[in-house]
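Trainee: If you want the building blocks of each chain, they are given just below.
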Amino acid sequence: MRPALLALFILLASTLSAQHKSINQFIRHHNNGAENISFTIPGFLIGLAGEIGMIAAGDEEEKAAFSLAQLLGTTRFLIFDSNDFDTDEDIRRLLSELEGEHHYERWASIRAATGEQIELTVQMKGKRVCDIVAIVKDAEEHQTVFLHAKTNFTAAELGEIMNELSK
Amino acid sequence: MKFLLPLLFLLPFAPATAQKLPTDAISNYFSEYVDDPDFTVVYVSGKVFELFKDSNLDLDELDEKEVAAVLQVVKDIKGIRVLHTGRNATARWKEAKKRIPTDRYELLFKVRTADGDNVEAFIQDEAAVISELFLLIGAADTFAMLSFVGNVDLTKLANLQRVLQDD
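From first to last, the protein sequence lines stand for chains H and V. For the first sequence, this note's numbering gives the first residue as 1, with consecutive numbering after it. For the second sequence, this note's numbering gives the first residue as 1001, with consecutive numbering after it.
For the record, the hints were derived by calculation from the structure and aren't laboratory data. Virtual Cβ for every residue (Gly too), placed ideally from N, Cα, C. Keep in mind that the hints are not guaranteed to be accurate.
Straight-line C-alpha distance at most 27 Å; calculated BS3-like pairs for lysine-lysine [claimed, not checked]:
no.	chain 1	residue 1	chain 2	residue 2
1	V	LYS1156	H	LYS150
2	V	LYS1156	H	LYS127
3	H	LYS150	V	LYS1078
Restraint-style ranges between C-beta atoms, simulated for each label pair [stated by the list, open to error]:
no.	chain 1	residue 1	chain 2	residue 2	range
4	H	THR114	V	ARG1099	23 to 29 Å
5	H	GLY126	V	LYS1065	28 to 34 Å
6	V	LEU1157	H	LYS21	44 to 50 Å
7	H	GLY126	V	GLY1086	39 to 45 Å
8	H	THR74	V	ASP1103	49 to 55 Å
9	V	LYS1097	H	ALA57	49 to 55 Å
10	V	ASP1038	H	ALA49	40 to 46 Å
11	V	GLU1032	H	GLU101	21 to 27 Å
12	H	ASN83	V	THR1090	31 to 37 Å
13	V	ASP1103	H	GLU105	27 to 33 Å
14	V	ARG1099	H	PHE77	19 to 25 Å
Some residues of chain V that are not near chain H, with every Cβ distance over 12 Å (derived) [stated by the list, open to error]:
no.	residue
15	ALA1068
16	LYS1110
17	ASN1118
18	GLU1120
19	LYS1156
20	ARG1162
Using the sequences and the hints, build the whole thing.
Mentor: Right, here's the structure in full:
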C-alpha cells in the first residue's frame, strides 16, 4: 500500500511541477534583458493588501475591486520587451503546452489588426478556477505583460463581486 | 501484427482528436486567418457564459425577467468567434461567400443596401435549435465574420424578444 501511495504522490508532484515547468521556463527565458522584469507577490500579501484596501476604500466600486483582488493567490508577473524575443511564437508555444498537456482552457483570445493581443487561459478543478494565465501584448509600446495567478473561486463567488461592480 | 500494435496505441487518442476537429464554418476560416496580421481576431469561450449562468447577476438596466431571458439564451452558447478586417474587404467578402458550404448552412436573412453594404446570416439547425448562427458582413471598407456556436433555441430567442418588448 505504501509504495502505491508513494507512486501516486510522485505522479501528482511530477504533473504539478511539469505544468509549472512550462511557466517557469517562459518566465526565465523572457526575464533576460535590462528592461525585462519579473516578480512574485505571495497570496497572503495580496489578501492582506485586499483587506486593508477594503477598509480604506471610499466607495463600493473600490471595495469590489479589492475583493476581486482577494480572489488571487500567489501571483507572478513578467513584463518584457516584445522585440527582444520571438514573442508571438513563444506565446503560441506556451499556450499550446498548457492547453495541450495540462488541461488549461482558453477563455478568451483577442488579437487586433493593430497588433494588440490578449490571451486568457484557465485551469479548473470541477467548478473551481484554480490557475489563471493572462497575457497582454501592447504593440505600440512593444511590451508584453504575463500574469500567472493561483486562484480558488467559483462562478458564483465571481458573480457576487461582479454584482457589486455593476451597481 | 506489426501494424496492429501502433494502431492499438493510437486508438485511445482518436476520439479526443475527433472532438477537436472544427465543425463550424468559421473554424476553417478562423484557423486560416488567426495569424494573418490584417485581421482582428476574437474568441470568447462558452465557459465565460457559464460563469454568468451560475452567477446571480444584478444589472441595473435589466429587470429580473429580462436578465433571466438573456441568461436562458446565452447559457447554451459554446463560443463566439469574430474575424474582422478593413483591408481588401470586397475581395475577402467574395472569397468567403464562395466557401460557405450551402448544403450545411441555411440562409436566414440577407440585406443589401444601395451603398453596397451586405449582411447575410446563416444557420445550422436541428428542429428549432440552432447549432450555429453565422453572420457575414461586407462593405467597401470592412469585412467581418461572426459565429455563435452552441444551442441557440429559437423559442428562447422569441421569449427574450417578447420580454424586452413588454418593457
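Trainee: It remains to establish, for every hint, whether it holds in the given structure.
Mentor: Right, here's what the structure says about each hint:
1. Distance check on the hinted pair: V:LYS1156 and H:LYS150 sit about 37 Å apart at the alpha-carbon level, beyond 27 Å; violated.
2. With a C-alpha separation of about 26 Å, the suggested pair V:LYS1156 and H:LYS127 falls inside the 27 Å cut-off, and the hint holds.
3. The suggested pairing of H:LYS150 with V:LYS1078 holds, with an alpha-carbon distance near 25 Å, which does not exceed 27 Å.
4. A hinted range of 23 to 29 Å holds for the C-beta pair H:THR114 and V:ARG1099, which are about 27 Å apart.
5. The hinted range of 28 to 34 Å is satisfied by H:GLY126 and V:LYS1065, whose Cβ atoms lie roughly 31 Å apart.
6. At about 46 Å, the CB distance of V:LEU1157 to H:LYS21 agrees with the hint of 44 to 50 Å.
7. Remark: the range hint 39 to 45 Å for H:GLY126 to V:GLY1086 is upheld by a beta-carbon distance near 43 Å.
8. Range check, H:THR74 to V:ASP1103: Cβ separation about 52 Å, and the 49 to 55 Å hint holds.
9. Separated by about 53 Å at the C-beta atoms, V:LYS1097 and H:ALA57 satisfy the suggested range of 49 to 55 Å.
10. At about 43 Å, the CB distance of V:ASP1038 to H:ALA49 agrees with the hint of 40 to 46 Å.
11. Taking the beta carbon of each, V:GLU1032 and H:GLU101 are about 25 Å apart, inside 21 to 27 Å as hinted.
12. Taking the beta carbon of each, H:ASN83 and V:THR1090 are about 34 Å apart, inside 31 to 37 Å as hinted.
13. Our hint of 27 to 33 Å for V:ASP1103 and H:GLU105 holds, since their Cβ atoms are close to 32 Å apart.
14. For the hinted restraint 19 to 25 Å between V:ARG1099 and H:PHE77, the CB-CB distance of approximately 42 Å leaves it violated.
15. With 12 Å as the threshold on Cβ separation, the claim that V:ALA1068 sits away from chain H holds: the shortest Cβ distance comes to roughly 14 Å.
16. Consistency note on V:LYS1110: stated as away from chain H, and its beta-carbon is indeed over 12 Å from all of that chain's, at 27 Å minimum.
17. Every Cβ of chain H is farther than 12 Å from the Cβ of V:ASN1118; the closest lies at roughly 21 Å, confirming the non-interface assignment.
18. For V:GLU1120, the requirement that its beta carbon stay farther than 12 Å from each beta carbon of chain H is met, with the minimum near 23 Å.
19. The non-interface label for V:LYS1156 is consistent with chain H: the shortest C-beta to C-beta separation is roughly 20 Å, beyond 12 Å.
20. Once the 12 Å rule is applied to beta carbons, V:ARG1162 is consistent with being away from chain H; the minimum gap is 24 Å.
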